[in-house]
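Generate the whole structure from the sequences, applying the supplied hints.
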Amino acid sequence: MGRYEESLADLNKLLEIKPNNAWALRYRGGAYRIMNRYEESLADLNKSLEIEPNEASTLRCRGDAYCMTGRYEKSLDDLNKSLEIEPNNAEALRNRKKALENLNKSLEINPNNAFALRIRGKTYRMMNRYEESLADLNKVLEIELNNAETLSLRGATYGMMNRYEDSLLDLNKLLEIEPNNAEALKNREEVLADLNKSLEINPNNAESLRIRGEIYNMMNRYEESLADLNKLLEINPNNADALRNRGVTYRMINKYNESLSDLNKSLEIEPNNAEALRNRGVTYRMMKKYNESLLDLNKSLEIGPNSAEALSERGETNHKMNRYRESLIDLCKLLEIEPNNEFTSRYGNLIEWIPFEKLDKLQFIGEGGFGTIFSAIWLDGKPIIKKIYKLVNSHARLRLKLLAPLKKLNGLGLEIYGITQNAETQECLMVFQYANKGSLYKYLASNFNKLDWENKLMHLIEISDELARIHKSGYVHCDFHKLASKGDIYGVMPYIAPELLQGGKYTQASDIYSLGIIMAELSTGKRPFYGYSFDIGLALDICKGLRPGFS
3 MGRYEESLAD LNKLLEIKPN NAWALRYRGG AYRIMNRYEE SLADLNKSLE IEPNEASTLR
63 CRGDAYCMTG RYEKSLDDLN KSLEIEPNNA EALRNRKKAL ENLNKSLEIN PNNAFALRIR
123 GKTYRMMNRY EESLADLNKV LEIELNNAET LSLRGATYGM MNRYEDSLLD LNKLLEIEPN
183 NAEALKNREE VLADLNKSLE INPNNAESLR IRGEIYNMMN RYEESLADLN KLLEINPNNA
243 DALRNRGVTY RMINKYNESL SDLNKSLEIE PNNAEALRNR GVTYRMMKKY NESLLDLNKS
303 LEIGPNSAEA LSERGETNHK MNRYRESLID LCKLLEIEPN NEFTSRYGNL IEWIPFEKLD
363 KLQFIGEGGF GTIFSAIWLD GKPIIKKIYK LVNSHARLRL KLLAPLKKLN GLGLEIYGIT
423 QNAETQECLM VFQYANKGSL YKYLASNFNK LDWENKLMHL IEISDELARI HKSGYVHCDF
483 HKLASKGDIY GVMPYIAPEL LQGGKYTQAS DIYSLGIIMA ELSTGKRPFY GYSFDIGLAL
543 DICKGLRPGF S
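Numbering (my numbering), first residue to last: 3 to 553.
What the hints contain is simulated information worked out from the structure, not anything from laboratory work.
Note that the coordinates shown come from a computational prediction; the quantities given were computed from them, not determined experimentally.
Heads up, a few of these hints could be off.
Unchecked claim - Listed next, with one range per pair, are the computed distances between beta-carbon atoms:
| id | residue 1 | residue 2 | range |
| --- | --- | --- | --- |
| 1 | ILE367 | MET220 | 44 to 52 Å |
| 2 | ALA184 | ASN14 | 38 to 46 Å |
| 3 | GLU192 | LEU16 | 40 to 48 Å |
| 4 | ALA150 | LEU201 | 23 to 31 Å |
| 5 | MET288 | PHE536 | 16 to 24 Å |
| 6 | ALA184 | ILE339 | 26 to 34 Å |
| 7 | LEU201 | PRO307 | 34 to 42 Å |
| 8 | GLU54 | ASN266 | 58 to 66 Å |
| 9 | ASN274 | ILE465 | 51 to 59 Å |
| 10 | PHE536 | ASN308 | 45 to 53 Å |
| 11 | GLU359 | ASN56 | 47 to 55 Å |
| 12 | LEU462 | PHE536 | 17 to 25 Å |
| 13 | ASN232 | GLU54 | 46 to 54 Å |
Unchecked claim - In silico DMTMM-like links for lysine to aspartate or glutamate, alpha-carbon gap of 20 Å or less:
| id | residue 1 | residue 2 |
| --- | --- | --- |
| 14 | LYS199 | GLU180 |
| 15 | LYS99 | GLU86 |
| 16 | LYS76 | GLU151 |
| 17 | LYS528 | ASP454 |
| 18 | LYS257 | GLU294 |
| 19 | LYS15 | GLU42 |
| 20 | LYS20 | GLU52 |
| 21 | LYS199 | ASP168 |
| 22 | LYS291 | GLU277 |
The C-beta atom is built at its ideal place from N, Cα and C for all residues, glycine as well.
Put into structure tokens, the structure is as follows:
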């Protein structure tokens, strides 16, 4: 060991002068490994690889250190990476074999270790043992549904086995999750290159034409996709898959009549194909035939009730038809199935899905400006819940459209936690932070004598700042009640601008009027129009110019 101690002394001096010298770190890490000082070895090798991440010898050395400390998954990962750089390195091949044997023993003890299975699957693929690779990767995807790294590995493995359709399914799914995944894009190009070679040899191979047409579609190369699908349909005019894919491609280039024609033919051949029904539903919606769209999407969801794509499209169609409650129900279900789905991101980038069973001790509080209000106990505190399904249409429309913007306005007084759905009644609810200090009126009744003008101005500045942020985002506060039977404004009438009492629309200007009324209330400590009955008579007086006084 004396020789290594001397070597360490020299390397230590060098690293005092140049602490980021990758070469010195690599050699000191190697010396520590030989001396069985594995943690010190790994610390140096990690730092060296931060500086030079693709240095094969450092990866080999760290892989061996991991193996000696029983971390066989990490060992194989490093050795595989080193062999991608230097495929014929005898030392790496030898060490990989040893690490694989140890990993096999480890998986006999813990057969559901997803990380270990993924590394072994990758190792088998590099050793051209494709069936064993697939077995491991399939098991990982049973444990970790939609794991991007595993989808990429399995897609590449299918490609090496010339199972292009299976490869494409995995790569497409991965690119839905990570649209800019470089590995998936590269693998898709490789599949395309293989198909091109295959079609040079056999230009009328129907299966290759269909798959290449689908790849071109995914790459937005629609004319090339159509060329392949047209040729395929000349060979086999009744190929339902090709008709469906061509129908989708026509829709992507806004040829809706051609799209509808192909999808109709496809459904004549396979009337219960959920994907064809969903796509025809989308085409109908693009043609503004919303009733037909809804019929197809409903039928598609009868066949596959948990299809995230169909729920997303039906939610969009319901929204176009002003069926906001139904659209929100689809959004709720979609959030439950796929929290990161693109449709949910559109309306709520946003918003967390809160399982209804996580809310306890639901209690009625009263009627708020946007619906019935309850309180409930949740894991993070006591939120307030607003019952969306009872909102009048104008408010329901506003509330659905504002899901994402409202989330961006978090910090304006109340935190917006997310949405939930009552499993028994199917009612959708929004979950807010609980405003436990009550109304301004109640607050002033208890605290007015303690407030000096400095405090009053501070409260007004806070309210004004929050309202300004809402207006700057392009929205209005408009927190007033509607009388369900007549649609007339009632309840907090003192705060309502005259133009709204006369049937006008709420605007930022009407918000400013309401702010002025709040200023008067803070000034006097009394409710605006104190002593008046809040009835049609007061409404008429306000329209004629009656205003509350200031202190």
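Now for the hints, and whether the structure bears them out:
Judged by the Cβ atoms, the range 44 to 52 Å given for ILE367 and MET220 holds: they are separated by roughly 50 Å. Evaluation of the 38 to 46 Å hint for ALA184 and ASN14 yields a pass: the beta carbon distance comes to about 39 Å. At about 44 Å, the beta-carbon gap between GLU192 and LEU16 stays in the expected band of 40 to 48 Å. As the Cβ distance of ALA150 to LEU201 is approximately 30 Å, the hint placing it in 23 to 31 Å holds.
Look at MET288 against PHE536: about 49 Å separates their beta carbons, and that is not inside 16 to 24 Å. The beta-carbon spacing between ALA184 and ILE339, approximately 28 Å, falls within the hinted interval of 26 to 34 Å. Range check, LEU201 to PRO307: Cβ separation about 39 Å, and the 34 to 42 Å hint holds. Range check, GLU54 to ASN266: Cβ separation about 59 Å, and the 58 to 66 Å hint holds.
Checking the proposed 51 to 59 Å range against ASN274 and ILE465 shows it holds: the Cβ atoms sit about 58 Å from each other. The hint said 45 to 53 Å for the Cβ distance between PHE536 and ASN308, and at roughly 49 Å that hint holds. The beta-carbon spacing between GLU359 and ASN56, approximately 49 Å, falls within the hinted interval of 47 to 55 Å. The supplied range of 17 to 25 Å is met by LEU462 and PHE536, whose beta-carbon atoms lie about 24 Å from each other.
Between ASN232 and GLU54 the beta carbons are some 51 Å apart, a value that agrees with the proposed interval 46 to 54 Å. For the proposed pair LYS199 and GLU180, the alpha carbon gap of about 28 Å is over 20 Å, so the pair is violated. With a CA separation close to 15 Å, the supplied pair LYS99 and GLU86 stays within the 20 Å bound. Straight-line distance between C-alpha atoms of LYS76 and GLU151 comes to about 15 Å, which keeps the hinted pair within the 20 Å bound.
For a cut-off of 20 Å, the pair hint linking LYS528 to ASP454 stands: about 15 Å separates their Cα positions. Only pairs whose Cα atoms come within 20 Å are accepted, and LYS257 paired with GLU294 is accepted, the gap being roughly 18 Å. For the suggested pair LYS15 and GLU42, the alpha carbons sit about 16 Å apart, so the restraint of at most 20 Å is met. In summary, the hint linking LYS20 to GLU52 is supported, as the alpha carbons are separated by about 15 Å, within the 20 Å threshold.
At most 20 Å may separate the alpha-carbon atoms for a hinted pair to count; LYS199 and ASP168 meet this at roughly 18 Å. Our distance criterion of 20 Å between C-alpha atoms is met by LYS291 and GLU277, whose separation comes to about 19 Å.
The structure does not agree with the numbered hints 5, 14 stated previously, though it agrees with the rest.
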